[in-house]
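> Following the UniProt record's numbering, the numbering of the sequence shown begins with 1 at its first residue and continues without gaps.
Simulated from the structure, these hints should not be mistaken for lab results. Since the structure is predicted, the reported quantities are computational estimates derived from the model, not experimental observations. Be careful, since some hints might not be right.
[To be verified] The calculated lysine to aspartate or glutamate pairs, modelled on EDC-like cross-linking and capped at a C-alpha distance of 20 Å, are:
no.	residue 1	residue 2
1	K94	E568
2	K596	E670
3	K606	D624
4	K606	D575
5	K629	E680
6	K542	D575
7	K693	E590
8	K524	E507
9	K524	D474
10	K606	D272
11	K542	E490
12	K262	D456
13	K587	E370
[Unchecked claim] What follows is a set of in silico ranges between Cβ atoms, one per label pair, in the way DEER data are often shown:
no.	residue 1	residue 2	range
14	P571	E388	31 to 37 Å
15	A454	S191	41 to 47 Å
16	P358	S68	40 to 46 Å
17	R251	T663	20 to 26 Å
18	R135	R380	34 to 40 Å
19	I659	K510	47 to 53 Å
Where is the CB? At the ideal position from N, CA and C, for every residue including glycine.
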Amino acid sequence: MAFQKAVKGTALIGGGAIATVFGLSQFSQYRNKHGNFVHVQAAEAVTVPIKNHFPTREQQILALQTTSEFDVLVIGGGATGCGCALDAVTRGLKTALLERDDFSSGTSSRSTKLIHGGVRYLQKAIMKLDFEQYRMVKEALEERANLLEIAPHLSAPLPIMLPVYKWWQLPYYWFGIKLYDLMAGSQCLKSSYVLSKSRALELFPMLRKDKLVGAIVYYDGQHNDARMNLAIALTAARYGAAMANYAEVLRLLKTTDPAGGKERVCGVRCRDVLTGQEFDVKAKCVINATGPFTDSVRKMDDQEVPNICQPSAGVHIVMPGYYSPGNMGLLDPATSDGRVIFFLPWEKMTIAGTTDSPTDVTSHPIPTEEDINFILNEVRNYLNADVEVRRGDVLAAWSGIRPLVTDPNSKDTQSISRNHVVTISDSGLVTIAGGKWTTYRAMAQDTIDAAIQAHDLKAGSSKTIGLQLQGAEDWSPTLYIRLVQDYGLESEVAQHLASTYGDKAFEVAKIAQVTGKRWPIVGKRLVSEFPYIEAEVVYGVKEYARTAVDMISRRTRLAFLNVQAAEEALPRIVDIMGKELNWSEQKKKEELEAAKKFLYYEMGYKVKSDQLTDSSEISLVPSDIERYKKRFHMFDKDKKGFITILDVQRVLESISVQIAENTLHDILNEVDLNKNGQVELNEFLQLMSAIQKGHVSGSRLAVLMKTAEENLRQRVVIPVDRSGGGL
């Protein structure tokens, strides 16, 4: 009864305000319906032929070296840079792009994975009467609809729950969310709705029940960010753009304008990072789309130019899928320090974030323990007390750098703009900075429009609205069934391939290896609990992957889902890539070490391993210590004070269990803190203490030793697969 009254009150309070924006919504719907017609026109107006396949990286490098002059040269292979390249090439401009690392290696692969207008920005727009924020939300909602349309295999609508714990908040949030729907007009994904307490708990059973009044559910989009970025890059390459990753810009080239006597940027000197070869690339217009590195490229043009980038670090963590429902996210609109936290299902895991703190610009941002614990504490505030939120359940963690900017064209140059900024220097360098993932296409359109005007390039209007990306053309929600039926792939693997490669999934399936089993017929997995298969590594090389890090983080998303699984897959990945790229044994060793270093520092392995160190406190009661000592001495029969692989093998043989030696080595290495090839008693007690405190979960050694102890009496099978637990 109280809930019904609240809903009625909500309608009365919000009704008048909604009426005031009704005219705006009607205009929006008309504009969007008209916009749909423009979508079709824009996509069909592309006269540039598209190739069936994209060129090899070697062919792209050759094109960069042999083309006398490009119309447009983009620096930066993130979402915005690749968007600029796609916009330019589909207008008929001769286009090139250089990225010193891999496509999407920076901020574009480290997002919250949402395609959204920004509910929090709408709140600020209303509270502060900020028209710029309103405009940004409006633009983002339009771009959200377009992105879901042009890459349906990589994106989908996601319901997000906003739990309400105070009665007065219900009308307040309801009005804001309804306005969000209205701003989207006919492009609203699905209408938001109010839930009672019981219904909210039914849909999100992990939610904290105490003082829960009800909830509001609204819809935004979600995507696979790195794969989306790559799809934009590959689409541009198929339209004829010369796209090269691992091509570093060393300096800008300039020439003197004979008409005005001014220096003008006319290209770049670059280096092929993989071969060390240096060469010049000439272009009528050079575009700086380097995100957090915006100022470093601007200073190549003019050392005296003031910085406009205000970098901010955002940390995310990934936890097991059981922390959230399979198809319902959660928004915490007001954390303990005023920030917003999203708690979302993603790739059958749960992603939580983000933080927002000033940082230095770096190519290798590292998540901190402080940020990880902040997110965990906020998650605890919203989950039922029955759900123990453990530090050990953090499977991966990463930090991304947001390139917030101050507008140099604004009178108030100190104010940070949440929107994007396009500037043109005296020498003609075009810079695009700021903005957000969702609006990459609009940012690219504005950039190329500005470049055409500033450099008098001959091209028409943008053609990218409604332009389908790589894999979208013949994709359908049931495409995976054909993969199962035609190739004999597991259903889970087939669904993964369809949602990653779209209609190109058949190309991956064709090169999948025969398993030798009755089922599945083809498709050998890289690790048992994830649907990534070995054929994807071969195909990833065709998609310009050139390092093991490219493969575990951006062609597959293993590093972002579970760093231990990624580390486990690395040897096989390196072997396959080595064969495809003719790597020497030394090169394979270097790649393996570089990828492990990436996992250790950038994907949260280090902060997790710091939970169990030589100095870790042992906080066990005496009875537990005695119990664990007895278990340890079952393996350490000689009372050496440590156990080795031989000790474990001896116990397993006594109970007729066989485990491969390399697997045993990996199991012991997880606990061997000083890396001396053995596990001391103190290390074992530290492990058990950390497990009790929730700092470590899913330790294979702990499970193996406990099960072995029981097996001596009951003779049960010992599981040795890595669990779904934490790092």
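> The structure should be examined with respect to each hint, and the outcome stated for every one.
How the hints compare with the structure:
| no. | hint | result |
| --- | --- | --- |
| 1 | K94 - E568 | 43 Å, violated |
| 2 | K596 - E670 | 14 Å, holds |
| 3 | K606 - D624 | 28 Å, violated |
| 4 | K606 - D575 | 25 Å, violated |
| 5 | K629 - E680 | 11 Å, holds |
| 6 | K542 - D575 | 16 Å, holds |
| 7 | K693 - E590 | 37 Å, violated |
| 8 | K524 - E507 | 16 Å, holds |
| 9 | K524 - D474 | 26 Å, violated |
| 10 | K606 - D272 | 31 Å, violated |
| 11 | K542 - E490 | 24 Å, violated |
| 12 | K262 - D456 | 17 Å, holds |
| 13 | K587 - E370 | 36 Å, violated |
| 14 | P571 - E388: 31 to 37 Å | 34 Å, holds |
| 15 | A454 - S191: 41 to 47 Å | 43 Å, holds |
| 16 | P358 - S68: 40 to 46 Å | 44 Å, holds |
| 17 | R251 - T663: 20 to 26 Å | 50 Å, violated |
| 18 | R135 - R380: 34 to 40 Å | 37 Å, holds |
| 19 | I659 - K510: 47 to 53 Å | 35 Å, violated |
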